[in-house]
Amino acid sequence: MSPVRYRLAERLDRKFLTPGVKVLIAIFGIGMAFGLYRFFFGLGALTNLNDQYPLGLWIGVDVASGVALAGGGFTTAALIHIFYRGRYEVIGRPAHLTAMLGYTFVSIGLIFDLGRWYNIWHPAIPSMWNFNSALFEVGACVMLYLSVLYIEFIPVVAERFIGKAPKVIDGILRFLDKIIDKVMWFFLILGVVLSCLHQSSLGTLMVIAPHKIHPLWYTQILPLLFLLSAIAVGFPMVIFESIIASKGLGRKLEMDVLTPLARMISPLLGVYFLIKIIDLTIRESWGYVLEGSLQSNMFLIEFGLGVVLPLLMLASEKVRRTPKWLFTASALYIFFGVLLNRVNVFFIAYQPQYSLKQYIPSLGEFMVTIGLISALILLYRAFVTIFPILPAHGKKA
Amino acid sequence: MDLTRRGFLKFTAAAGTAGLATASKNARASAHKRSVNPEWLGVLVDTTVCIGCRKCEWACRDFNKLPNEPIENFEDKSVFESMRRPDANTYTVVNQYENPDNPEKPYHVKVQCMHCNDAACVSACIVGAFTKDERTGAVVYDAWKCIGCRYCMAACPFQVPAYEYENALTPQVRKCTFCFENLNKYRKQPACVQICPVETMIFGKRSELIKIAHDRIRKYPDRYVDHVYGEHELGGTSWLYLSGKPMWEMDMKEFDEKPIPAYTETIQHSLFKNFIPPLALFMGLGSLMWIFKRQETLESSEGKGGEA
Numbered sequence: 001m002s003p004v005r006y007r008l009a010e011r012l013d014r015k016f017l018t019p020g021v022k023v024l025i026a027i028f029g030i031g032m033a034f035g036l037y038r039f040f041f042g043l044g045a046l047t048n049l050n051d052q053y054p055l056g057l058w059i060g061v062d063v064a065s066g067v068a069l070a071g072g073g074f075t076t077a078a079l080i081h082i083f084y085r086g087r088y089e090v091i092g093r094p095a096h097l098t099a100m101l102g103y104t105f106v107s108i109g110l111i112f113d114l115g116r117w118y119n120i121w122h123p124a125i126p127s128m129w130n131f132n133s134a135l136f137e138v139g140a141c142v143m144l145y146l147s148v149l150y151i152e153f154i155p156v157v158a159e160r161f162i163g164k165a166p167k168v169i170d171g172i173l174r175f176l177d178k179i180i181d182k183v184m185w186f187f188l189i190l191g192v193v194l195s196c197l198h199q200s201s202l203g204t205l206m207v208i209a210p211h212k213i214h215p216l217w218y219t220q221i222l223p224l225l226f227l228l229s230a231i232a233v234g235f236p237m238v239i240f241e242s243i244i245a246s247k248g249l250g251r252k253l254e255m256d257v258l259t260p261l262a263r264m265i266s267p268l269l270g271v272y273f274l275i276k277i278i279d280l281t282i283r284e285s286w287g288y289v290l291e292g293s294l295q296s297n298m299f300l301i302e303f304g305l306g307v308v309l310p311l312l313m314l315a316s317e318k319v320r321r322t323p324k325w326l327f328t329a330s331a332l333y334i335f336f337g338v339l340l341n342r343v344n345v346f347f348i349a350y351q352p353q354y355s356l357k358q359y360i361p362s363l364g365e366f367m368v369t370i371g372l373i374s375a376l377i378l379l380y381r382a383f384v385t386i387f388p389i390l391p392a393h394g395k396k397a
Numbered sequence: 398m399d400l401t402r403r404g405f406l407k408f409t410a411a412a413g414t415a416g417l418a419t420a421s422k423n424a425r426a427s428a429h430k431r432s433v434n435p436e437w438l439g440v441l442v443d444t445t446v447c448i449g450c451r452k453c454e455w456a457c458r459d460f461n462k463l464p465n466e467p468i469e470n471f472e473d474k475s476v477f478e479s480m481r482r483p484d485a486n487t488y489t490v491v492n493q494y495e496n497p498d499n500p501e502k503p504y505h506v507k508v509q510c511m512h513c514n515d516a517a518c519v520s521a522c523i524v525g526a527f528t529k530d531e532r533t534g535a536v537v538y539d540a541w542k543c544i545g546c547r548y549c550m551a552a553c554p555f556q557v558p559a560y561e562y563e564n565a566l567t568p569q570v571r572k573c574t575f576c577f578e579n580l581n582k583y584r585k586q587p588a589c590v591q592i593c594p595v596e597t598m599i600f601g602k603r604s605e606l607i608k609i610a611h612d613r614i615r616k617y618p619d620r621y622v623d624h625v626y627g628e629h630e631l632g633g634t635s636w637l638y639l640s641g642k643p644m645w646e647m648d649m650k651e652f653d654e655k656p657i658p659a660y661t662e663t664i665q666h667s668l669f670k671n672f673i674p675p676l677a678l679f680m681g682l683g684s685l686m687w688i689f690k691r692q693e694t695l696e697s698s699e700g701k702g703g704e705a
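Quick note, the sequences are listed as chains W and P, same order. When you number the first sequence by this note's numbering, it's gap-free, plus one each residue, and the end is 397. When you number the second sequence by this note's numbering, it's gap-free, plus one each residue, and the end is 705.
Same shape as in the complex, but just chain W (with noise of 0.2 angstroms):
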């Protein structure tokens, strides 16, 4: 991935199964054993879903959050690779990793979703290709981005094996990373490319209900305001992943790498902030605001507490500097501002005309999410621990 031939990063030295992994393991086994249940019983059996309410829980945060929140990934590449700021490299491969784990649980999880998980591969034939639908764009491009992401990784599993692996696997190995290297400008570019493509086109989505959704969210920019909440949230995720990484491997805080990366989020969010200003201000829509409903209320806490005190606090370099307030701002912007950002599109603002039962997620919902997270964690535990993924410390080679 890099051009430096020093060591860029270490394995994680430490014991798999503390005590942390096993719960994990344990609430991971609780979500699957719902989530079999739906297998065998339908979606209907688990989930409060119906006939109203089509899109839930699962499509809010597994999908269209998990979506915007591997935007790491993609924003981090773009800094490193093609602006070219060689001193973010120790974050790109943890980002990295991050991207491609989240992906492939976003597909996971999209398998839970649909009624016809077996045919989750139609839309890569070319007969069934509907150029209209901006959810086949969606789909089209993160199956697209999820291989550039597996193909990007290649330099890694290279690094990590070639000389330890037995010969045939070693020799591969070294031919597939012979050739990544000529041509992984190809690759960057385009993951970039593809994830605008669909961190826009995901908002796209809802666009389709003008009559359903609320006008609190519903404008012709969603597109817009998602590519720009994605591109925004991308150095948030880095940095809380980064402290949540540290602290809960005993590993050094990398504020030498957050503090200048932060610098970097007060004008990202910023764009956000204002087009969504102007954005509400020529639909005329601040009346709904304070209208004292759900969605009014929901707006407030993810406007307010998601996107105005993070501005606020970010501002200020102090929060920058101190590890437990840059972290806070982070967690705000990505649950508030982001996630239920996502959740408040797809179904909080989500009110058709017939309603005529309200749909709230069921525990079930919530424990395939909550295990689908912990799988992910888990997962990104087990290869920081197989792969050169942490920055290593003093350690150039």
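For the record, the hints were derived by calculation from the structure and aren't laboratory data. There is no bait here: all hints are sound.
Partial selection, computed: residues in chain W whose CB lies under 10 angstroms from chain P:
hint	residue
1	Phe40
2	Phe131
3	Cys196
4	Pro210
BS3-like mimics (lysine-lysine), calculated; alpha carbons at most 27 angstroms apart, straight line:
hint	chain 1	residue 1	chain 2	residue 2
5	P	Lys474	P	Lys502
6	W	Lys276	P	Lys655
7	W	Lys357	P	Lys650
Ranges between beta-carbon positions, derived for each pair:
hint	chain 1	residue 1	chain 2	residue 2	range
8	P	Asp648	W	Leu17	57 to 63 angstroms
9	P	Glu436	W	Lys182	56 to 62 angstroms
10	P	Ile688	W	Leu249	36 to 42 angstroms
11	P	Val433	W	Ala315	53 to 59 angstroms
12	P	Glu696	W	Pro267	20 to 26 angstroms
13	W	Glu284	P	Lys608	39 to 45 angstroms
14	W	Glu10	P	Ile673	41 to 47 angstroms
15	P	Ser684	W	Thr385	38 to 44 angstroms
Yeah, the Cβ is synthetic: ideal placement off N, Cα and C, and Gly gets one too.
Following the hints, put chain P in place on chain W, whose structure we already have.
Below, chain P alone, put in the same frame as chain W:
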């Protein structure tokens, strides 16, 4: 990583040529317009004629092999106490509404798929499982293609498609089929129209039904509001309604003429117009990469020590 100028230029040139080739091939795109075939079939529902006998509900179930009951059971009027909607085992329902002019004779609105001219489900479906049949104008569903994402249900402005949530293995999106088997083979009226004892519904070419509807309004201006619901709504629908009071006072939504696909497809097609925007983004990023890399190389050759 090895970004050579030659490699990048080569790729750019190849991509540019490909882009131009597709550009010249389909110069149309952009402006959203879908043609309406005058031969398309439709049904005109006169909500002032319907007596709410619900025989159409029985006939629909019978023809489409949905769970059914003896036809006498459909005489039960208590179902009118609350609004009903179609579901996975019910493709059509009749609802009752007050008639302000004559409380003795309430209005009845039969609800089913409207078979839109420019349908949201057709545009939305990721695998094209919904199609607007070119010959008949029916919106038909192909369960074999369907992946079960239910985006069509979110997209449908009439909230018609329902889902077999209880089916674990082969759930389908379910909605009125326009009795497609009959329609397609024999251009024959759907089961509901056939059974109706009071001729609430007229089956025929949509273009002719619109004329009939306006004729009726002209002849009986006291009986009808001057509006054929479905003529222009969301680009028009194959099913049309005549009513004694506005349809939006009878649980049908008031819509403008803009078809639902126009909302998303204009965005979608301008973002992908001849694939130029994505290619431009690719080239732009590539150029930036090249510029920044060059800058970095120059700086490090000046002895600044390269990577941070």
